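Top to bottom, those sequences are chains A and B.
Going by our numbering, the letters in the first sequence line up with residues 4 to 117, in that order.
Going by our numbering, the letters in the second sequence line up with residues 267 to 376, in that order.
Each statement offered as a hint is correct.
List time: in silico EDC-like cross-link candidates among lysine to aspartate or glutamate, alpha-carbon distance up to 20 Å:
{"no.": "1", "chain 1": "A", "residue 1": "Lys44", "chain 2": "A", "residue 2": "Glu86"}
{"no.": "2", "chain 1": "B", "residue 1": "Lys358", "chain 2": "A", "residue 2": "Glu104"}
{"no.": "3", "chain 1": "B", "residue 1": "Lys333", "chain 2": "B", "residue 2": "Glu271"}
{"no.": "4", "chain 1": "A", "residue 1": "Lys44", "chain 2": "B", "residue 2": "Glu269"}
{"no.": "5", "chain 1": "B", "residue 1": "Lys308", "chain 2": "A", "residue 2": "Asp27"}
{"no.": "6", "chain 1": "A", "residue 1": "Lys54", "chain 2": "A", "residue 2": "Glu71"}
Some residues of chain B that are not near chain A, with every Cβ distance over 12 Å (derived):
{"no.": "7", "residue": "Ala283"}
{"no.": "8", "residue": "Ile284"}
{"no.": "9", "residue": "Asn288"}
{"no.": "10", "residue": "Arg294"}
{"no.": "11", "residue": "Asn319"}
{"no.": "12", "residue": "Gly320"}
{"no.": "13", "residue": "Glu323"}
{"no.": "14", "residue": "Leu331"}
{"no.": "15", "residue": "Arg343"}
{"no.": "16", "residue": "Asp344"}
{"no.": "17", "residue": "Ser350"}
{"no.": "18", "residue": "Pro376"}
Below, a sample of chain B positions facing chain A; criterion: calculated Cβ distance under 7 Å:
{"no.": "19", "residue": "Ser298"}
{"no.": "20", "residue": "Ser309"}
{"no.": "21", "residue": "Pro310"}
{"no.": "22", "residue": "Leu312"}
{"no.": "23", "residue": "Gln363"}
{"no.": "24", "residue": "Phe366"}
{"no.": "25", "residue": "Gly367"}
{"no.": "26", "residue": "Thr368"}
If you are wondering where the hints come from, they were derived from the structure by calculation, not from laboratory data.
Everything numeric in this text was worked out from a predicted model, so none of it was measured.
C-beta: ideal position from N, C-alpha, C; glycine also.
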Amino acid sequence: EAGVTQFPSHSVIEKGQTVTLRCDPISGHDNLYWYRRVMGKEIKFLLHFVKESKQDESGMPNNRFLAERTGGTYSTLKVQPAELEDSGVYFCASRTSGSKETQYFGPGTRLLVL
Amino acid sequence: QKEVEQNSGPLSVPEGAIASLNCTYSDRVSQSFFWYRQYSGKSPELIMSIYSNGDKEDGRFTAQLNKASQYVSLLIRDSQPSDSATYLCAVKNTGNQFYFGTGTSLTVIP
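Work the whole structure out from these sequences, hints included.
Here it is, written out as structure tokens:
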């Protein structure tokens, strides 16, 4: 079974540019989460999809961040325009619904905004 | 106050010893607790989950939960150099959000 995949693995952009991160969850996982880890800090929740619906987006920093999950399969996270403080590692995780709460994490996208 | 607190370490133990990792959480009504292991540059990997007070054992790993004290711990017996990693404590609240600690760096010395 393929794990959670993320693309790109690394991205270096200049302040003001746009970047789109992609996450492909494990097939059949309805729940998809985006997290961000800024250097030296804890992994922080950004948002949670159940299928194509945003269940909780309370962790999104501001309106420069837009997440979508059209069709309930893969998800994208767009940052527009990027700021220096957006640098960090963006993780995606997925899990099945029901009593099992195990999240499977992707390898992350390392974003550096210069 | 942070949702989940961990001692960042680093924690060093000799090979074969018991490593003890601790975590406290602030939301008294949290129901689900997790320990993840993260090797440098890799994604977090779930190693233990615990939902009820008491101990839960899985191989060399034992998770301990005390809801009254809002405390979760992870014991690693017979520590191996391959256990050297950052261990993340995570707590799921009633709103389905997962909160992570900053992690404890563990080094097992051969």
